[in-house]
Amino acid sequence: MNSSKKINYSTRVAKNIERKMLRDLLIRFSAGFPTNDYTYVGFGSKYFTDFLMVHKYLHIDKLISIEGDIGNKPKYDFNKPLNCIDMKYGMSTNILPEIELDKNRSIVWLDYDGLLEEYCLGDIVTLSGELESGSVLFVSYNSRPPKPAELEIEFPEIGTQIGRLNAYIKKVHGESYIPHDLELRGLSKWENYSSLLRMLIVNCIEKRLEVKNRGLAEKVKLKQLVNFNYQDGCEMSTVGFTFYTTLEEAEKLEQSNLKSFDFYRDNEVPYIIEVPNLTLKEVKALLEIMPKGRKGRKKELEKIIPPSDIEQFSKIYKYLPIFTDSELA
Amino acid sequence: MENLSVDANPTKDFFISMLTRDIPLDRAILDLIDNSVDAANTLNKDDLNGKEIKITLDESGFKIEDNCGGFDVETARLYAFRFGRDSKSERLTPNSVGQFGVGMKRTLFKLGNNFTVRSVFPNGAFELTVDVQDWLSSESEKWEFQLQSIEKPNDANGTYIEVSNLFDSVKEQFVDNEFLRCFKEEVAIAYFKRINQGLKIYINGDEVDLFDIKVRQSDELSIISLEDTFNNVSIKVKVGVGEQDLHKGGWYIVCNGRLVESSEQSTKTLWGTNSIPKYHDRFAFFRGVVEFESEDSSKLPWTTTKTGVDLDNRVYRYANKLMISAIEPIIKFLNQREAERKQAAENRLEEEETVLALAIRNAESISIYQADCEQEQFIRPDKIEARAAKYGSISYQVEIDKLTKVKEVTGAKSASEAGKITFDNYFDYEC
Chain X
11 MNSSKKINYS TRVAKNIERK MLRDLLIRFS AGFPTNDYTY VGFGSKYFTD
61 FLMVHKYLHI DKLISIEGDI GNKPKYDFNK PLNCIDMKYG MSTNILPEIE
111 LDKNRSIVWL DYDGLLEEYC LGDIVTLSGE LESGSVLFVS YNSRPPKPAE
161 LEIEFPEIGT QIGRLNAYIK KVHGESYIPH DLELRGLSKW ENYSSLLRML
211 IVNCIEKRLE VKNRGLAEKV KLKQLVNFNY QDGCEMSTVG FTFYTTLEEA
261 EKLEQSNLKS FDFYRDNEVP YIIEVPNLTL KEVKALLEIM PKGRKGRKKE
311 LEKIIPPSDI EQFSKIYKYL PIFTDSELA
Chain E
10 MENLSVDANP TKDFFISMLT RDIPLDRAIL DLIDNSVDAA NTLNKDDLNG
60 KEIKITLDES GFKIEDNCGG FDVETARLYA FRFGRDSKSE RLTPNSVGQF
110 GVGMKRTLFK LGNNFTVRSV FPNGAFELTV DVQDWLSSES EKWEFQLQSI
160 EKPNDANGTY IEVSNLFDSV KEQFVDNEFL RCFKEEVAIA YFKRINQGLK
210 IYINGDEVDL FDIKVRQSDE LSIISLEDTF NNVSIKVKVG VGEQDLHKGG
260 WYIVCNGRLV ESSEQSTKTL WGTNSIPKYH DRFAFFRGVV EFESEDSSKL
310 PWTTTKTGVD LDNRVYRYAN KLMISAIEPI IKFLNQREAE RKQAAENRLE
360 EEETVLALAI RNAESISIYQ ADCEQEQFIR PDKIEARAAK YGSISYQVEI
410 DKLTKVKEVT GAKSASEAGK ITFDNYFDYE C
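Residue numbers (this note's numbering), protein chains in the order written: chain X, 11 to 339; chain E, 10 to 440.
Simulated from the structure, these hints should not be mistaken for lab results.
Small disclaimer: the values here were computed from a predicted structure and weren't measured.
Backbone N, C-alpha and C fix where the C-beta goes; we use that ideal spot for every residue, glycine too.
Careful: at least some of the hints might be erroneous.
Unchecked claim - Away from chain X, derived, C-beta distances all over 10 Å, residues of chain E:
no.	residue
1	L13
2	T20
3	F92
4	G259
5	N356
Claimed, not checked - Partner residues aside, some chain X positions facing chain E, computed with beta carbon under 7 Å:
no.	residue
6	G132
7	V135
8	V221
9	G225
To be verified - Partial chain E-side listing against chain X, Cβ under 7 Å, derived:
no.	residue
10	F239
11	S284
12	R326
13	Y327
14	N329
15	K330
Just need the whole structure built from these sequences, with the hints factored in.
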């Protein structure tokens, strides 16, 4: 289904938080790698939320939005909020190879609505071969593990649950980057399944980098920056990486101190964005004890708000959007 | 404690039987042709017009003769008849195909019991005759052959080799029509580049045909040509779109003019790896040539039998980069052509809108060597977007008893007819 018929992303709370976390990460990243000359490539849909964000906060003027919904061109052209957004109509697989990414550092966000299908991995491989050192790549996808009952309907001819899962994984994600010693047990858990998908992505990037690096004195290297799991109705994941080559670039990356963000992740353990369900009044009360408040006050609030919600709130309150009903027109 | 020395020298018998075992007969004969080609190349690398190699194979014996310049006594003494190559000695023939120092000997020992090699070179001639049984049974410590200078005949400079007293298995194959046909094809493919440059090869009197790799080229469809150098080996990659032929599609790998892989369609040439799809009939249009050239043939990525590419060779691994960049746009084009074919079958595109298929059909078929070799970008037409599908199909399974009942009630003759009737019924009442 095309994303324009789905819910407006800006009201999806976890996604909203994730976007703001990526914004902060990129702002700090831009201290070492000035991003104003970068190209931003994304799937703007008709809201272009990420485009407005990178333009306003990172001062990027070269913006390219890939839109697969060719039938509704006027709709997207109309909703395009900035003149500097260049609309490219077609599927990412066809458009990405045509964008000259090896001429300029870029930030690319492949924000797939659906599953991490084989063609998505193909896009990632294309980018890994093309992206300049200093570029950043984010990939978002649905990481929901298939349910046993769904697999039974899809693969009635296969007798075992493990066999059906194996067939499903190969059908959806392709065979190329699946490890030969894949452990199928435990994959109905979201955490394990999303970890497998992250590994597929890392495998396909590293495979292409290995080819790209053949014969080069200075090899291009990969650094993971984020690994989010979150749920806005369905299970989603986002992983992000940067590519660097020289010692100087490695040092700049180190100095930018991205590590100090508690959502920074350079490994397989995801940062889970969870949003506690709070009223406006509760939010205000909790804000008063952030980042640290009187112990007594916290104890009092714990009578009303479960401690786990308070804990969650303390992690994300800087990014928590507050929605109110407003009539703008 | 007593130290005893153990004799570890190989016996001649053992050595010869091991040496000749690893290579099929047809490939062994190619090694001899390699020597002739190398000789011709040293005279003029780019023009082989007038150079001829004549091969005769029958029950009574094997002969190969050429007018490619021959080799002198010094070469014979130091290299040609020596088993293996001395790494300390300088190589004489740059850009050669013979390189492991086993080719000629291995072939001669594989074919029969008696052989004669005669070479006529600019300032002399020699002849060497060996009776293999005698040579094997001679007790001398040193392995050696006797070479005799002869009076220079009036023939053109060249090499003449004759093997008689053929082994039974060799004789059987030399009279087998199928062997001869396959051998001829193999020679045509292995030396297609040299034959393109004017060399003539005759097998039992018949001239070997010119084998060519053809691609389609026009103003709207081009080949892609990439070049690079790695470790003093020049690498040229040319890819394009040819006829749809499942057997001819794939990669062709050429080392110093000698084809070592032909229409390669496996993971060796990256099919099904590195995000390149597996070879499939939709890619049967693909033609790719990778040419490696080096003065030092030991750097080339081929196996000792020259029957394939050495995947672990660094030059080949480096060339993979060029191969991937070159094939990706063609894969994309061919995938779109396949989608276009399906859309036309579904009436979502008119015949004249199948621009990709038309571009292939209307382009001229030419040798890949005549195609524009400066073209780094792929020129191709943009595809035309197909109209949205007017029809969709539904497929589902239901219990057979229920289906039978629906067929009875509706009078449908088939399951699909029952499906159509029930769909229409739902649509009429509920939509």
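Hints and how they fare:
Against chain X, the non-interface label of L13/E holds: every CB pair exceeds 10 Å, the least being about 49 Å. Residue placement check: T20/E keeps its beta carbon more than 10 Å from all beta carbons of chain X (closest about 44 Å). The claim that F92/E is not at the interface with chain X holds, since no C-beta of that chain comes within 10 Å of its own (minimum 35 Å). At roughly 19 Å from the closest C-beta of chain X, the C-beta of G259/E stays outside 10 Å, upholding its exclusion from the interface.
Its beta-carbon lying about 18 Å from the closest one in chain X, N356/E satisfies the requirement of being farther than 10 Å from that chain. The interface hint given for G132/X is met, as the beta carbon of that residue sits about 5 Å from the closest beta carbon of chain E, less than 7 Å. This hint holds: V135/X has a C-beta 4 Å from the nearest C-beta of chain E, less than the 7 Å allowed. With a cut of 7 Å, the hint placing V221/X at the interface with chain E holds, because the nearest CB-to-CB distance is about 6 Å.
Taken as an interface hint, G225/X checks out: its beta carbon lies about 4 Å from the nearest beta carbon of chain E, inside 7 Å. Restraint check, F239/E versus chain X: the minimum CB separation of about 6 Å is within 7 Å; hint holds. The criterion of a C-beta within 7 Å of any C-beta in chain X is met by S284/E, whose closest approach is roughly 4 Å, and the hint holds. A distance limit of 7 Å between C-beta atoms decides the matter here; for R326/E the minimum to chain X is near 5 Å, and the interface restraint holds.
Taken as an interface hint, Y327/E checks out: its beta carbon lies about 4 Å from the nearest beta carbon of chain X, inside 7 Å. Interface hint status for N329/E: upheld, as the beta-carbon distance to the closest one in chain X is roughly 6 Å, under 7 Å. The interface hint given for K330/E is met, as the beta carbon of that residue sits about 6 Å from the closest beta carbon of chain X, less than 7 Å.
Comparing the model with each numbered hint stated earlier shows that all of them hold.
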